[in-house]
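Listed here are the chains, written in short residue letters.
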Amino acid sequence: MTDALEVRDLAKAFGGVKAVDGVSFALREREMLALIGPNGAGKSTCFNMLNGQLKPDGGSIRLFGAEILGLPPRKVWRLGVGRTFQITATFTSMTVIENVQMALISHHRRLRAMLPFAGALYKDEAYDLLELVGMEDQSGRACGMLAYGDLKRMELAIALANDPRVLLMDEPAAGMAPQERVQLMELVARVVQSRGVSVLFTEHDMDVVFGHADRVMVLDRGRLIVEGTPAEVRNNPDVQAVYLGTGAVYGKEKGADATPRAEAGE
Amino acid sequence: MKLEIHHLNTWYGRAHILFDVHARVGHGEVVAFLGRNGAGKTTTFASIVGLVPGITGDIVFDGTTVSGRKAHEIVRLGLGYVPEDRRIFTDLTVEENLMVGRQPPREGAPTWTPDMLYTLFPNLAEMRKRPGGQMSGGEQQMLTIARTLMGNPSLVLLDEPSEGLAPKIVEQMAEALTEMKRQGLTIILSEQNLHFARLISDRAYIIEKGRIRYEGTMDELEANPQVRDAYLAV
Amino acid sequence: MDFLFVQFLNGLASASALFLVASGLSIIFGVTRIVNFAHGAFYMLGAYVAYTLTTTLTGPLGFWVALPLAAVIVAALGALVEMTLLRRIYEAPELFQLLATFGLTLMVEDLVVLIWGPEDLLGPRAPGLEGAVNIFGQLFPAYDLMLIALGPIVLAGLWLLFHKTRWGVLVRAATQDRTMVAALGVNQAWLFTSVFTLGIFLAALGGAVQIPREAVHHMMDLQIIVEAFVIVVIGGLGNVFGAFLAAFIIAELNAFGILLFPKISLVLVFLVMAVVLVVRPWGLLGKPEGAARAAVGTALQPWKRLGARGRNLSLGLLLVLALLPVFAGNYLLAVSTEILIFVLFAASLHLMMGVGGMVSFGHAAYFGLGAYGAALLVRFTGAPMEVGLWAGPLLAVAGAALFGWFCVRLSGVYLAMLTLAFAQIVWSIVFQWYEVTGGDNGILGIWPSSWASDPMVFYYLTLGIVTLGILAIRRIVFAPFGYAVRGCRDSVLRAESIGMNRMSLQWLCFTLAGSFAGFAGVLYAYLKGSVFPDVLAIPTSVDGLVMVLLGGIQTVAGPVVGAAVYEALSIYMTSETDLWKLILGGLIVVLVVAFPEGIVGFWQRRVQPLLSDRDGRDEEPAREGTA
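Protein chains in written order, with the working numbering: chain H, 1 to 266; chain W, 267 to 500; chain U, 501 to 1127.
Because the hints were derived from the structure by calculation, they are not lab data.
All C-beta atoms in this analysis are idealised placements derived from N, C-alpha and C, irrespective of residue type, glycine included.
It cannot be assumed that every hint is accurate.
Computed list of lysine to aspartate or glutamate pairs in EDC-like fashion (alpha-carbon distance at most 16 angstroms, straight line) [said to hold, decoys possible]:
{"#": "1", "chain 1": "W", "residue 1": "475", "chain 2": "H", "residue 2": "180"}
{"#": "2", "chain 1": "W", "residue 1": "434", "chain 2": "H", "residue 2": "238"}
{"#": "3", "chain 1": "U", "residue 1": "664", "chain 2": "W", "residue 2": "357"}
Among chain H residues calculated to face chain U with C-beta under 7 angstroms, some are [claimed, not checked]:
{"#": "4", "residue": "91"}
{"#": "5", "residue": "92"}
{"#": "6", "residue": "94"}
{"#": "7", "residue": "103"}
{"#": "8", "residue": "110"}
{"#": "9", "residue": "111"}
{"#": "10", "residue": "112"}
{"#": "11", "residue": "113"}
{"#": "12", "residue": "118"}
Using the sequences and the accompanying hints, generate a full structural model.
As structure tokens, this is what we get:
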């Protein structure tokens, strides 16, 4: 079976400093794959290259076998790669539902239409997406007034607007209360199941990572140092040395033996 | 009391954000404000330090009412503020960043020199001439704290010091905060990471939708699973 | 060869004064984020005050004391302005401060005429440096040699100030994050005042040292401010070294351009700027602006289509306008026609700025291209109005499409400056291409067809076209395309990540805005019966900006209201008083302080809630009729 994403020797340097140095990995279909590592390890750079925001210096990125390296973000999106951002990026002068409608309008290639009223287009579809993420009762609110967790859910609805095959989520749970995090990750897990999406995400909350990822990769100074199941990764001495520390600041006990998606399954 | 907050209400434009927030923090205490993003932690801190115009209520610091005063006046009374998002000056070197924070020594507060801060945060010592923009997230977070300590505050507000940092760096941060506490500093921090807060705090307030929902010692919070699960379940 | 070298030295001498002015502008912008339009006015004041001081202070040292003293006096005036005016509006949207400083400029222009008279004034020669030095057999003024040295000395001084003093470090820190500096216990107000004062000191010094070289006159401000903007942008905003380098380039370009390309000497500077910005979008030594900075016009409340009340109000207004000829005489009709034309002009600018997030400092170019399009057609083909009305705007469309293609590659102030550069290029071409455009003699005899020559008929024609134009713009704003460009304005990151092509969308928006402006320009040409280069000069662009900002950029109705109010005021003022600039400028300043959200924004936020509070409180500020 072809992998959803197949990344080979991805590299990027900023002014001589190798931010990402020959990273290779595969995202399997319907998989939740976590990318973790210290700050400055190159996670964001990696993400930005995957969706085309940054031009890699070299390497290859294949989406279901087709090369997408070097394409601009909008083309990568049209090929079915959705993205959510670490710091939410939304259209603040629009309502929640209009934000989703915007993605649908773009998906249906009607961005240059001058006659119809945008507010009337794809309203039902947008509403369905908001319902999926549990935001239907906030559809008419100004998105500038949303709580952070709700913004993240709205971003997920936007990212799902074009039926993506791959979702890139940059710290999807950052800034949420622990309970919310669990809910959001369960939601993502449901989407993975029902829509057949493959998800690559970064996260600093180890409870989220170890609780919800099928596999975990650890990036340090631009290189992948470990890849494996959550249990393998958390017990790896190298990972503990560069990243995890003694485990005093995350839920060490709980989830150590948790199988992936145990909490997420319905 | 080091800091007392009574009936703090804050508005952004017409949006009411904080509702009758109250708190009392004693000398040398470490107190955590827990709650999710958007709960009002950052707004509470910004209100204390005078960065939000629309507030009512009383904020008393060292016996002086500071509500309604300008940020720089409040800070000059010895109330240090470390914002979230590590807002260091990326074009300035580590030394210059520290220079911006410099204030005269004050009574009743530990006096810091750059060298002492380099001891507290050994990573910074190796990069005095490096521009802030070329530092990693963890190093930047340490620099923001060091920069605020240059003002020789007697109380420090730390907004989400662990957010977005690798677990290992968070552990180093906890050590540094413990040392600051040992020097006699009063510390108020906002956190979502209960594990981290537990390592260093004496007491906690839980804030949710702009209201204080719970207050108690860290041990009481530990012993109260309902509260923990309702607001902070891990 | 020798001559060329002396010409090179001439360029260097001019570069020094340019650098003084531009560095001041750059420093002020860096810290306060104010695009100080009044910088040229302070430069001019420096020259005037220096003139007065040098002619009153006698003795051999008088002159040399007078120059810095003049700069100090003007700097003190600058400090006063900062403390009484600018300090009130730092929280207002960035462009509002531009508006306030523009008002100041208008006031100063009239004040210097009141105080010093309209004639050119010639300053004394510099004692001790009256003579000339022989360089390779060519005579070169000794004073200019001193000027050449002044630039690098000031540059070195500024570098030391910014890197070796705590004040300088604070300034650099504040350039990046001024709130954070305040949160570290630094008195921001004091820091801003001192930075503004230093900037004005440099500008005034730049003006003062000019007096032995050129005559002092009351139009020095506009000329220098445009060059200073160009230099700051070419060099990179907030970068003093960049300003130095760019001042050198521009001054040498001026010195040699006139020799090598006399035909296009005026265009040259702007051409270079356009090339630099396209190749290096953040100037020669500048750095990309952080993406976090929100674009102009970003609103936190959603825009909504007119509700029933808003629609009725608009229809009522249209009815009143339609009945106007019943009781208005020809003069009032002509004035009303002009106001209507500027309403369309302002609405087109708002489409670009408010909706598209692209600030234009050169929107007059498309207004003017429309006007000249019709005028040239009349002049060379004798086409009737029916043709000119539709063919004229094509020139504006072409211009907007061409310039827009370059402009959308940039963003923020750099984009704004590039629009200014293109507008100046168009102006220079029209001004210098005498054979075709008639230069400053303009093109005369562009009259409406006989059926439309009656002021009433032309008024109705204008009302019809402007109404259709406004309706079309509104339709676009609420159509998918309008949403899409607004989306690009709100968050480029998000827009690109959901398949939107920002540049292409913005380019189309730019072109559309240009074509609506073109229609306004054509109507203007037929209303006046003539066109002059003024229609595409900077003041026309600034008028457009004032209208949009005055009305409120965050509302769709704002530009319509702003244009009507501003144009009516300015027509009234010019007809009633000689000091219209002083009064209009003062009025703008007062309005900016009183309504920092614009007139419509003020109405929505302050008045409307009071009117509708009875219906129960609504947490969301957006309500019907707000757009």
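For each hint, the structure was consulted:
no., hint, in the structure
1, W:475 <-> H:180, "holds (14 angstroms)"
2, W:434 <-> H:238, "holds (12 angstroms)"
3, U:664 <-> W:357, "holds (15 angstroms)"
4, 91, "holds (4 angstroms)"
5, 92, "holds (5 angstroms)"
6, 94, "holds (5 angstroms)"
7, 103, "holds (4 angstroms)"
8, 110, "holds (5 angstroms)"
9, 111, "holds (4 angstroms)"
10, 112, "holds (5 angstroms)"
11, 113, "holds (4 angstroms)"
12, 118, "holds (4 angstroms)"
The structure is consistent with each of the numbered hints, conforming to all of them.
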